[in-house]
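A.B. asks: Protein sequences, first through last, are from chains A and B. Using my numbering, read the first sequence as starting at 39 and increasing by one per residue. Using my numbering, read the second sequence as starting at 39 and increasing by one per residue.
Among the hints, erroneous ones may be present.
Identical chains blur together in the list; that is why a pair holds if it fits in one copy or across any two.
[To be verified] 25 Å max Cα-Cα, derived DSS-like pairs, lysine-lysine:
| hint | residue 1 | residue 2 |
| --- | --- | --- |
| 1 | Lys373 | Lys208 |
| 2 | Lys373 | Lys206 |
| 3 | Lys413 | Lys373 |
| 4 | Lys413 | Lys208 |
| 5 | Lys214 | Lys396 |
| 6 | Lys373 | Lys414 |
| 7 | Lys214 | Lys414 |
| 8 | Lys269 | Lys238 |
| 9 | Lys214 | Lys413 |
| 10 | Lys208 | Lys414 |
| 11 | Lys355 | Lys206 |
| 12 | Lys238 | Lys373 |
| 13 | Lys47 | Lys130 |
| 14 | Lys413 | Lys206 |
| 15 | Lys208 | Lys355 |
| 16 | Lys225 | Lys269 |
| 17 | Lys225 | Lys47 |
| 18 | Lys274 | Lys329 |
Source of the hints: derived by calculation from the structure; they are not laboratory data.
So you can see what is in the structure, the chains are spelled out below.
2 protein chains.
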Amino acid sequence: MNKDAYFIKKTFQLAKKGEGFTSPNPLVGAIIVKGDRIISQGYHKKAGFPHAEAEAIRTAGENLTGTTLYVNLEPCCHFGKTPPCVDEIIKKGIKRVVVATCDPNPLVRNKSITKLKKANIGVKVGLCEKEAEGLNEIFFKNMREAMPFVAAKTAQSLDGKIAARGGKSKWITNEKSRMFARRLRDKYDCVLVGANTVVKDNPYLNGLKKIPYKVVIDPYLCIPESSHLLKGNLGKLVIFTSFASKKKVNPAPRKTPFFRTRGGVKKIPPAARVFFLKQRNGWFVLREVLKILYQLGIMSVFVEGGSETLGRFFMEKLVDKVYFFISPKIIAGTKALSSVGAEGFSSPNSCPYIEGIKIHRLDEDILISGYPCYKKICLNC
Amino acid sequence: MNKDAYFIKKTFQLAKKGEGFTSPNPLVGAIIVKGDRIISQGYHKKAGFPHAEAEAIRTAGENLTGTTLYVNLEPCCHFGKTPPCVDEIIKKGIKRVVVATCDPNPLVRNKSITKLKKANIGVKVGLCEKEAEGLNEIFFKNMREAMPFVAAKTAQSLDGKIAARGGKSKWITNEKSRMFARRLRDKYDCVLVGANTVVKDNPYLNGLKKIPYKVVIDPYLCIPESSHLLKGNLGKLVIFTSFASKKKVNPAPRKTPFFRTRGGVKKIPPAARVFFLKQRNGWFVLREVLKILYQLGIMSVFVEGGSETLGRFFMEKLVDKVYFFISPKIIAGTKALSSVGAEGFSSPNSCPYIEGIKIHRLDEDILISGYPCYKKICLNC
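Please put together the full structure from these sequences, using the hints given.
C.D. replies: Written out as structure tokens, the structure is:
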């Protein structure tokens with residue numbers, strides 16, 4: 039590995055330290071090198087905190103003339119919560135800048151690089167580019183499509199079941215898998231589940247290091263008032279429903295927390311956000327759900343099931359990444375619940391297939407992750 | 039690795055050459071070593087052919103005094119189709135015998151080893167024993183339980199489906215997986231399928247190197263007269279049925295080939311063997327099926343589905359080994375057929391789990407193989 043590649047890969051490691059906390063910003067790491075010596079480094083810790091380049095420049099505490107800056111993403115050229123990094127780089131007399139990947143945002147792409155070149159700074163772009171894009175797969179999806187990145191997870195038996203015939207589902211995967219899945223929640227802005235999962239499992243849906251947004255797809259507003267999700271951290275609870283309506287009561291609270299549902303009047307605490315959506319063919323259009331979440335500033339969604347919800351996400355071609363936790367058990371049973379339900383695709387030749395597969399052992403469990411590709415999909419053949 | 043282990047592992051490689059052709063005999067390889075030099079070797083090629091030890095002794099063509107014989111299984115001490123190897127070893131003046139594992143048959147176990155010791159031959163037993171047992175897992179099962187070894191195979195999507203909602207199942211796995219599965223047929227004495235699989239796929243069920251016995255579980259004798267299985271090689275076709283009866287016709291052929299079935303009178307060629315079995319709770323007791331196959335000299339069964347058949351085999355705890363060919367596709371669908379059907383187990387905590395897992399990539403496909411363990415099974419909890 040040459041020197042540039044070595045230092046660029048170091049920026050990836052640095053960038054990853056901010057994982058789960060920089061949204062809506064990307065993960066960025068920066069290193070300043072004089073000769074062969076790293077004289078300072080920085081990473082973007084959290085939205086609102088200094089950019090990686092600014093952090094590295096600040097902590098250098100010495101003359102930067104003649105140094106090389108390594109950064110995994112093109113430096114910014116706009117005033118946001120912090121001043122543009124590109125001006126700072128020029129001002130400090132940095133001689134050379136090595137960038138792994140350009141900014142995916144078409145509005146700013148290449149602007150900083152052009153500006154650096156004009157200032158007679160040597161610029162090298164595109165080193166370990168694919169890896170750099172993978173590191174910021176959430177940010178790249180956001181910038182390119184103005185949609186949240188969607189990761190889907192299942193915890194299933196080897197024969198694809200997430201519950202036994204009578205409904206028992208605890209536990210299919212082992213503790214190591216379950217901890218791994220909790221750590222994954224830290225990577226994403228929200229965890230999304232269908233109402234059945236809340237009714238059946240009454241989950242908390244927290245990560246290990248953070249409390250993510252929690253989103254429930256609940257057409258009939260059937261989640262019980264006693265659900266863990268309806269207690270605490272309500273500012274982070276989002277519910278999508280359709281067959282419920284607000285009930286006026288006197289005196290009315292600030293946001294009326296009573297809803298008429300099929301099961302009677304239900305009280306949803308006012309801090310929870312409830313969105314009313316129309317259904318099409320008996321279900322929500324999940325693309326609309328995602329657009330609303332994006333408007334709320336939710337840049338990534340971790341879909342944890344159940345069967346129907348996951349199936350619908352695949353049918354709408356919305357899943358960007360999958361994590362299949364597989365326990366080597368045989369649950370069997372025609373009536374046992376399958377990991378991916380809904381209507382299903384019509385042929386093995388025209389369904390999504392997973393690319394870039396990685397296999398990971400978690401003791402006896404197996405984690406298969408990868409990226410669904412929808413090119414071959416044909417819903418009618 | 040020491041010298042003995044090195045040569046014993048060589049016998050495993052030799053033994054494997056006979057794979058699929060020695061039934062009902064085990065796989066055996068033998069090596070004769072003088073000093074550090076292999077002076078001859080042999081393996082059991084086919085039932086009725088010389089034993090590995092005899093073959094090695096015959097091809098040595100020199101004085102064997104002072105040599106060491108390596109063999110993966112305890113030499114025989116009985117007259118069968120060939121004379122006892124143990125007498126030959128003693129007669130030839132072989133000084134030392136290294137054996138990986140004793141004979142699993144309790145009637146002959148250790149007899150040869152005792153005889154060799156009495157003849158003042160140095161004997162070392164139990165080197166790489168586990169591996170040696172794995173090599174002859176079929177033979178060990180046969181000797182210990184007087185039952186065929188059962189391997190089960192599925193070709194499924196990542197979400198456990200073997201057909202899409204409309205029934206389409208061609209092809210789920212890739213060509214490499216399908217070739218691998220055909221090679222597996224060469225390892226076993228018979229391929230077993232349910233009648234639905236014959237009706238739907240009309241398979242040939244041949245291996246690459248041999249034509250195995252073909253067994254069909256067909257309660258209503260519903261396989262079509264035009265099935266590939268009913269043409270050619272009929273001496274190797276076995277059908278289990280219950281709701282059909284022989285129809286007497288005049289003049290009667292040697293074995294009446296006409297059967298009354300629900301779908302009318304069906305002609306099954308006389309060379310096919312048809313067994314009538316009673317059902318219990320709407321299905322055959324598969325243990326009885328296996329016992330009949332064992333009496334026919336079928337020492338190993340490769341179950342290729344479909345969903346219901348595989349499920350039943352697991353429910354009866356009869357599967358000794360599994361091969362899950364997984365294509366990284368998402369077929370989805372509540373109504374899409376699952377790989378392992380039937381009634382299913384009642385809880386993820388009390389279903390079979392797979393031990394000794396091996397993961398193998400076949401291009402983009404994944405093969406997960408291992409050995410089901412039934413210890414935790416509880417059908418009612």
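A.B. asks: Look at each hint and say if it fits the structure.
C.D. replies: Evaluated hints:
| no. | hint | verdict |
| --- | --- | --- |
| 1 | Lys373 to Lys208 | both (17 Å within a copy, 24 Å between copies) |
| 2 | Lys373 to Lys206 | both (12 Å within a copy, 20 Å between copies) |
| 3 | Lys413 to Lys373 | between (31 Å within a copy, 23 Å between copies) |
| 4 | Lys413 to Lys208 | between (36 Å within a copy, 18 Å between copies) |
| 5 | Lys214 to Lys396 | both (17 Å within a copy, 19 Å between copies) |
| 6 | Lys373 to Lys414 | between (29 Å within a copy, 21 Å between copies) |
| 7 | Lys214 to Lys414 | between (35 Å within a copy, 20 Å between copies) |
| 8 | Lys269 to Lys238 | within (17 Å within a copy, 53 Å between copies) |
| 9 | Lys214 to Lys413 | between (34 Å within a copy, 22 Å between copies) |
| 10 | Lys208 to Lys414 | between (35 Å within a copy, 15 Å between copies) |
| 11 | Lys355 to Lys206 | between (29 Å within a copy, 21 Å between copies) |
| 12 | Lys238 to Lys373 | both (17 Å within a copy, 22 Å between copies) |
| 13 | Lys47 to Lys130 | within (24 Å within a copy, 66 Å between copies) |
| 14 | Lys413 to Lys206 | between (36 Å within a copy, 19 Å between copies) |
| 15 | Lys208 to Lys355 | between (29 Å within a copy, 22 Å between copies) |
| 16 | Lys225 to Lys269 | within (23 Å within a copy, 59 Å between copies) |
| 17 | Lys225 to Lys47 | within (20 Å within a copy, 48 Å between copies) |
| 18 | Lys274 to Lys329 | within (17 Å within a copy, 61 Å between copies) |
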